[in-house]
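*Asks:* Chain by chain, the residues run as shown.
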Amino acid sequence: MAVENEVNIRHIRQDFPMPSGKLEVLKDINIDLKGGEFVSIVGESGCGKSTLLRIIAGLDRPTDGEVLIGGERVAGVSSKVGILFQESRLLPWYSTERNIAYGLPKGMDKKEGRERVKTLIETVGLKGFEKALPSQLSGGMQKRVAIARTLAGRPKVLLLDEPFAALDAFTKMNMQEEILRIWGREKITTLLVTHDIDEAIYLGERVVMMSPKPGVIKRVIPIELPEDHSRTSDEFDSYRREIFKGFFGSDKRMSEFF
Amino acid sequence: MNKWQQMSVKYKVLSVCSVLLVLLIVLYWQVGAERGWFNTILLSSPSDIYKSFQNLWGSGSLQKHILVSFKRVMIGYLSGAGLGVLVGFILSTMHSLDRLLSFLMGIIRPIPALALFPLFILWFGIGEASKIVVIAFMSFWPTFLNTEEGVRQADKNLLELADALQKSRINKMFTVLLPSTLPYIFAGLRLAISRAWGGVVVAEMLAASSGIGFLIEYSRDMSQTASMFVGVITIAIIGCAVDMLLRFIQSRVCYWHTEV
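Taken in order, these protein sequences are the chains called F and E. Just so we're aligned: the first sequence equals residues 1 to 258 in this note's numbering. Just so we're aligned: the second sequence equals residues 1001 to 1260 in this note's numbering.
Among the hints, a few may not be true.
[Said to hold, decoys possible] Label-pair restraints from in silico Cβ distances:
1. F:226 to E:1163: 36 to 44 Å
2. F:131 to E:1251: 13 to 21 Å
3. F:107 to E:1016: 50 to 58 Å
[Claimed, not checked] Listed next, the stretches of chain F that the computed footprint assigns to chain E, with coverage defined by at least 3 CB atoms under 8 Å from CB atoms of chain E:
4. 83 to 92
5. 174 to 187
[As the list claims (entries may be wrong)] DSS-like mimics (lysine-lysine), calculated; alpha carbons at most 25 Å apart, straight line:
6. F:218 to F:22
7. F:80 to E:1172
8. F:80 to E:1156
9. E:1167 to F:111
10. F:110 to E:1167
Calculated from the structure, these hints are not laboratory results. None of these values were measured; they are calculated from a predicted model. Even for Gly, the Cβ is constructed at its ideal location relative to N, Cα and C.
Start from the sequences, fold in the hints, and give me the full structure.
*Replies:* What follows is the structure in structure tokens.
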């Protein structure tokens, strides 16, 4: 019997039809996520990492292969999966409260729903902004609303599609802390897609390196960081160097950044 | 904040100036008429127009004309514009139906409503119905086209979000499509109301025994230039007031839309 928040990605292939024939976006992708695991996928744009995420979310169908969540085959969007997009995608006409409530499961008891929204507002630190419209919030706060909305559905699996790419460096670090805190508490199986190597190392228990044309998995690197996840530790640096080498080989010019 | 306040002051000054500008024109007009700068048989002086207004208002006939025109506009406008929103919504969400009707819509749309007016009179009689139909026809297109465009412009990302959250079609319609289309609908409504006013006046000039259009046309027959101006100014004021009302409603309904 499969664990309900376990994810198995099996032989996923995705072709896009092109005028000049088909484009292989993903080729035989296999990843298994244990229940409650945090895995980062890192790769340059065009390596198909976002496509993979969309397939897991049930938004796109693969050409071949299957995704199992808790042993069940993904055949479309489901409430088991919560996705956080790169854009916050808040409804501009809804307040913080209502945007978060938008993520509540269908047919949920009204009072219970209100309680959950209240708790989530506290969780993401937006107390006092319940009635604010998205246009009155900063980019980081908007992101927090989006996170709370995703959590409102109590997903078993959380998919993060370059969620912090559009934020400034400081807000980004804050949000990464936040995600780590939430993940640590709720133990949701989480799959992060990013092109930020530091982010991948900082958040993931494993880093999956992908390369493009066609999108394949290059390497999987287990990450073991000291308790405080310090970004300046030697371990962090050595992972960074390892991944960097994995992508760019011994290209001198590139390596000089480190 | 300071910059905003400065801009606000500038904005206020300009608003006052825009009213002053109109007053200045009226003043020049009055002085010019008194000094014989222009022919007052063709261009009545503001004071003559005011006198004519007092007469028409005092006898109650102006109110009667306004009421008659207003009623025609409102019935025609509300049904035409309402239908425009509804059909716009239906066609833009049902793509096959939209394709099917596209040519039909394409050939009906360019027909000037007033070219159809004689036919409407033939079909619906010379009474209220033909006028209301022509106004409804005129009000339909701007709202229809704007609604369709609004639905088309709805944020695909938000629609996908609604899909990811497993919202039903109906739910998606009310939580995403309708609100994002509202600013477009209002743009259509504002275009339609000015067209409807234009339509009613022309229809009344052609075939009516009451209404503002009739008043203008009748005054021309009687060579009462001042009364013609009363009719024209009445339309201007009502048109302006209705547009302000619509803008006010829009700012309330589309509260998240700051640049109304």
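*Asks:* With reference to the structure, classify each hint as holding or not holding.
*Replies:* We went through each hint and held it up to the structure:
Checking the proposed 36 to 44 Å range against residue 226 of chain F and residue 1163 of chain E shows it holds: the Cβ atoms sit about 41 Å from each other. With their beta carbons about 18 Å apart, residue 131 of chain F and residue 1251 of chain E fall inside the hinted range of 13 to 21 Å. Between residue 107 of chain F and residue 1016 of chain E the beta carbon distance is about 56 Å. The supplied range of 50 to 58 Å therefore holds. Residues of the stretch 83 to 92 of chain F lying with their CB closer than 8 Å to a CB of chain E number 6, which satisfies the three-residue condition for coverage.
For a cut-off of 8 Å, the count of residues in the stretch 174 to 187 of chain F with a CB near a CB of chain E stands at 0, and the three-residue condition is violated. Taken as a hint, the residue 218 of chain F and residue 22 of chain F pair is honoured in the structure, with Cα atoms around 22 Å apart against an allowance of 25 Å. The suggested pairing of residue 80 of chain F with residue 1172 of chain E holds, with an alpha-carbon distance near 20 Å, which does not exceed 25 Å. A hinted pair counts as satisfied when its Cα atoms are at most 25 Å apart, and residue 80 of chain F with residue 1156 of chain E qualifies at roughly 23 Å.
Restraint check for residue 1167 of chain E and residue 111 of chain F: satisfied, since their Cα atoms lie roughly 20 Å apart, inside the 25 Å limit. Restraint check: the Cα-Cα separation between residue 110 of chain F and residue 1167 of chain E comes to about 17 Å, which is no more than 25 Å; the hinted pair holds.
When the structure is compared with the earlier hints, a violation turns up for hint 5 alone.
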